[in-house]
Amino acid sequence: SQTIHQWPATLVQPVGSPLSLECTVEGTSNPNLYWYRQAAGRGLQLLFYSVGIGQISSEVPQNLSASRPQDRQFILSSKKLLLSDSGFYLCAWSPTTPRPNQPQHFGDGTRLSIL
Amino acid sequence: GNSVTQMEGPVTLSEEAFLTINCTYTATGYPSLFWYVQYPGEGLQLLLKATKADDKGSNKGFEATYRKETTSFHLEKGSVQVSDSAVYFCALRVNTGNQFYFGTGTSLTVIP
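The listed protein sequences derive, respectively, from chains A and B.
Residue numbers are given in the working numbering: position 49 of the first sequence equals residue 49, and the series is strictly consecutive.
So the mapping is simple: the working numbering equals the position in the second sequence, first residue as 1, plus 115.
Please note: incorrect hints may appear among the correct ones.
As the list claims (entries may be wrong) - Examples of chain B residues lying across from chain A (beta carbon under 8 Å, computed):
# : residue
1 : 154
2 : 157
3 : 158
4 : 214
5 : 215
6 : 219
7 : 221
8 : 225
Unchecked claim - No more than 25 Å apart at the CA atoms, straight line, and that leaves these computed lysine to any residue pairs for SDA-like:
#  : chain 1 : residue 1 : chain 2 : residue 2
9  : B       : 167       : A       : 101
10 : B       : 167       : A       : 96
11 : B       : 192       : A       : 96
12 : B       : 192       : A       : 41
13 : B       : 171       : B       : 156
14 : B       : 167       : B       : 131
15 : B       : 183       : A       : 101
16 : B       : 192       : A       : 101
17 : B       : 175       : A       : 102
18 : B       : 171       : A       : 101
19 : B       : 171       : B       : 120
20 : B       : 175       : A       : 13
21 : B       : 192       : A       : 102
Quick caveat, the hints were computed from the structure, so don't treat them as lab data.
The model shown is predicted, which means the values in this text are computed figures rather than measured ones.
Each residue gets a CB set at the ideal place from its N, CA and C atoms; glycine is no exception.
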């Protein structure tokens, strides 16, 4: 069966520090991969998604970036964190089309607090 | 475009009450529809899905029917429990794309 791992679970970082969040998927190949951010008490904001190695689509201009160095690895990064980067970050995967009726599956999330 | 609209929360119910959370959608293609549940501090879990008109998704006592004529996918449960307290998200994926479109979420609190 497929599993998705996301780490760390919680992170406290000072303003201006770098960031690296990692997500890996097991048990499938060539998945679509996604990064979302969820502000406290709010909905999901899609940040990036990827349909293959090195292919990244950015949905929201900001100081974050994403990379996909391997088929099942998705990394969210920042060179200098802002206070507004605080939130709950969720990684997700889904099978690629032409299986459009397949859902997304989410990791357990990373709680990021910026001080 | 593609979008999902959910009823505003928060919703507070007594245990064993009937639950309805409304969800309507707009889609440029033929969508598949999903309900996700998020417990405090956790990621989203798939609750149920429906992939074509008139399909009924069901799981853990929750049900939702894909209504193409009204572009709706309302979530229902006949008797809620305290353990159902969570945030519920309606979502769609069109058959031509890789993106998922989520509603803003509806917070449900069930009191004993």
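Structure-inconsistent hints, enumerated in ascending order: 1, 7, 8, 11, 13, 14 and 20
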